[in-house]
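Could you put together the complete structure from these sequences and hints?
Just so you know, the protein sequences line up as chains A and B, in that order. 1123 is the number of the first residue of the first sequence in this note's numbering; add one for each residue after it. 36 is the number of the first residue of the second sequence in this note's numbering; add one for each residue after it.
FYI, nobody ran anything at the bench for these hints, they're computed from the structure. Heads up, the beta-carbon is just placed ideally off N, CA and C, and yes, glycines get one too.
Across the chosen pairs, the derived CB separations fall in these ranges:
1. Leu1139(A) to Glu119(B): 22 to 30 Å
2. Asn1517(A) to Asp218(B): 26 to 34 Å
3. Gly86(B) to Asn1517(A): 18 to 26 Å
4. Leu1138(A) to Ala135(B): 28 to 36 Å
5. Glu60(B) to Leu1139(A): 48 to 56 Å
Footprint (simulated), chain A over chain B, 3 or more residues, beta carbon under 8 Å:
6. 95–107
7. 122–130
8. 135–149
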Amino acid sequence: MSRSLRSWPELWLERLLGRLPIGWLQLSHSRTRLYAALGGVSFASLLVLMQLGFHGALLGSVALPYRAMDAQLLISAADMNTLADASPLPRVRLLQAAAVPGVDQVSAVFLGRLDWRQPDGSVRALDVLGFDPSETPLHDVEIRRQQGLLNLADTVLMDARTRHIDAAPVLAAQPDATWLLELRARSLKVAGHFAIGGGFSADGYLLASDQTFLRLFPNRSSGAPNLGLVQLQAGADPAVVAALLRERFRDAGDVKVRSLDAVIADDQRFQTTQRPIGLIFGFGIVIGLLVGVVIVYQVLSSDVADHLKEYATLKAIGYPQRFFLGIVFEEAVILGLLGFVPGLLIASGLYAVVAWKTGLPMAMNVPRAGAVLLGTVAMCALSGAIATRRLARANPAELF
Amino acid sequence: MAAPHDVGPVSLAVRGLQHAFGLGEARKQVLFDIDLDIHAGELTVLMGASGSGKTTLLTLMAALRSVEQGSVRLLGQELCGASEAQRVQMRRQLGFIFQAHNLHESLSALQNVRLGLAVHGGEAAQAWAQAGAHLLAQLGLAERLHHVPAQLSGGQKQRVAIARALVGNPVVVLADEPTAALDRESALQVVHLLKALARERGTTVVMVTHDSKVLALADRILTMEQGRLVDDRRSAAGF
Chain A
1123 MSRSLRSWPE
1133 LWLERLLGRL
1143 PIGWLQLSHS
1153 RTRLYAALGG
1163 VSFASLLVLM
1173 QLGFHGALLG
1183 SVALPYRAMD
1193 AQLLISAADM
1203 NTLADASPLP
1213 RVRLLQAAAV
1223 PGVDQVSAVF
1233 LGRLDWRQPD
1243 GSVRALDVLG
1253 FDPSETPLHD
1263 VEIRRQQGLL
1273 NLADTVLMDA
1283 RTRHIDAAPV
1293 LAAQPDATWL
1303 LELRARSLKV
1313 AGHFAIGGGF
1323 SADGYLLASD
1333 QTFLRLFPNR
1343 SSGAPNLGLV
1353 QLQAGADPAV
1363 VAALLRERFR
1373 DAGDVKVRSL
1383 DAVIADDQRF
1393 QTTQRPIGLI
1403 FGFGIVIGLL
1413 VGVVIVYQVL
1423 SSDVADHLKE
1433 YATLKAIGYP
1443 QRFFLGIVFE
1453 EAVILGLLGF
1463 VPGLLIASGL
1473 YAVVAWKTGL
1483 PMAMNVPRAG
1493 AVLLGTVAMC
1503 ALSGAIATRR
1513 LARANPAELF
Chain B
36 MAAPHDVGPV
46 SLAVRGLQHA
56 FGLGEARKQV
66 LFDIDLDIHA
76 GELTVLMGAS
86 GSGKTTLLTL
96 MAALRSVEQG
106 SVRLLGQELC
116 GASEAQRVQM
126 RRQLGFIFQA
136 HNLHESLSAL
146 QNVRLGLAVH
156 GGEAAQAWAQ
166 AGAHLLAQLG
176 LAERLHHVPA
186 QLSGGQKQRV
196 AIARALVGNP
206 VVVLADEPTA
216 ALDRESALQV
226 VHLLKALARE
236 RGTTVVMVTH
246 DSKVLALADR
256 ILTMEQGRLV
266 DDRRSAAGF
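Have a look at this one:
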């Protein structure tokens, strides 16, 4: 192949680098090696993007129910890590909180989980939130419009995004055309719906009045809800009120008061650092990066080894070491950039498939894609830095 | 040593040069008391059997190895005790022709030649295209400027390597069996080119070779045996 016609990447890189783009020319000369390297980098970035996607879905699904709550502060049992393990707290604490200056309303919320057996024998886990329908602990407009229906005995609102269910009867449910749901040997009337979506533990949510909740969970007591959602008076400073509440409960020591954002952050930290699933995703990211480093190192070190005599020749005629480092880094950055693109495209497609199949909040976003791009290029640069050790073997004196 | 007459100034001066490889019991001395002046404008041939030390001498004069004992002054600069950076700087004034062409397989002939000039950076790099193409044409490769090495014969590759060595107008050219891979016609063409460089530009050319065709064109022939310079004669062809 005559190279009288120079490719646009070559011309563009030459302008950018101010020298012959030897790294690009070497990579593109050996197409098989280039495609193998790009495949490896794409695989590594795909692995990292998928792990970050699952990690992000975990964080997003943890935040979903909290984001549905209309509260500036949240009172929970002192040992609460996550919604699923929020121990009951004495209701008197909520009454005490209501008397603190700046507090407008404190809503008691009961939390429980029910298994809903499907006709095919499979089970859906539903997180049930029980509250007084005369209060407004959730800010969703649709929920507020319908929550009066919960005053009727054994009437519930159902999450239409519940995973792996036939959503048609849920979406069709109306106050005057309820859909019957059998749970714990009780017939519940689904009178309406809302949309939150499942997470990694529960498949969806069910809203009930506190009275219906207590009938579904007979071992629970009306005097021991799981959460107190604190709404503040207009103009009240959340930090000041939180400090007052903590001071109020200091001697009791059985509850903690946090802002909603702090609760979400604590729950997400717990999920990612204490629960196996979060740790697995964290390890997955590290493994993905290691796979990438190994593959790119193999490619670059082989490339250096194959061109050792040429490099030694250039060393002999006076090229400094930094010139060769530049070639290796040029190759590393090119592999990082070109390998990232297919990884991003495949990951975006897989995100859509996973979101569709599982209902998890998985979507590609610019900060994540940007971070993985930088990580991929850094990974390739690290591999290049390791591979440059071989350059030391290019001894020009051995050429004669 | 033969006293130089009707020759240019000394560009390579070697005094009391000794060199050894290895340490302790494994130490092996390969050069003994070499004294030598090589002049500008001369085509000097270095001969000797394998293991005679000619390659080691060439690498020391080329600033490719550290001079440990004795003195080598290259273009007036002492190489004994020179740092790696100083030696790299010195080598930029030299032209190297190796027995193996060592061309970049992914680069065209012209781009390979360009590497010989780009090392000087700046304005030299700007002039590469014209100078490279002109030199390749002089070496009979005008039709092969944009061919990669895989599309060139062994002789053509070697001529590209020679062009790479000469394109920067080096003051001293050091060559190791540069005509070994060439046919008679190409070999003579290359040697005539080197000789013309020496004559017209005052370039110092030092060449290791066994090629009788080259010997006939040399100005001076040095012979080494077991690490010592045993013969130094001027060729009749040189005058």
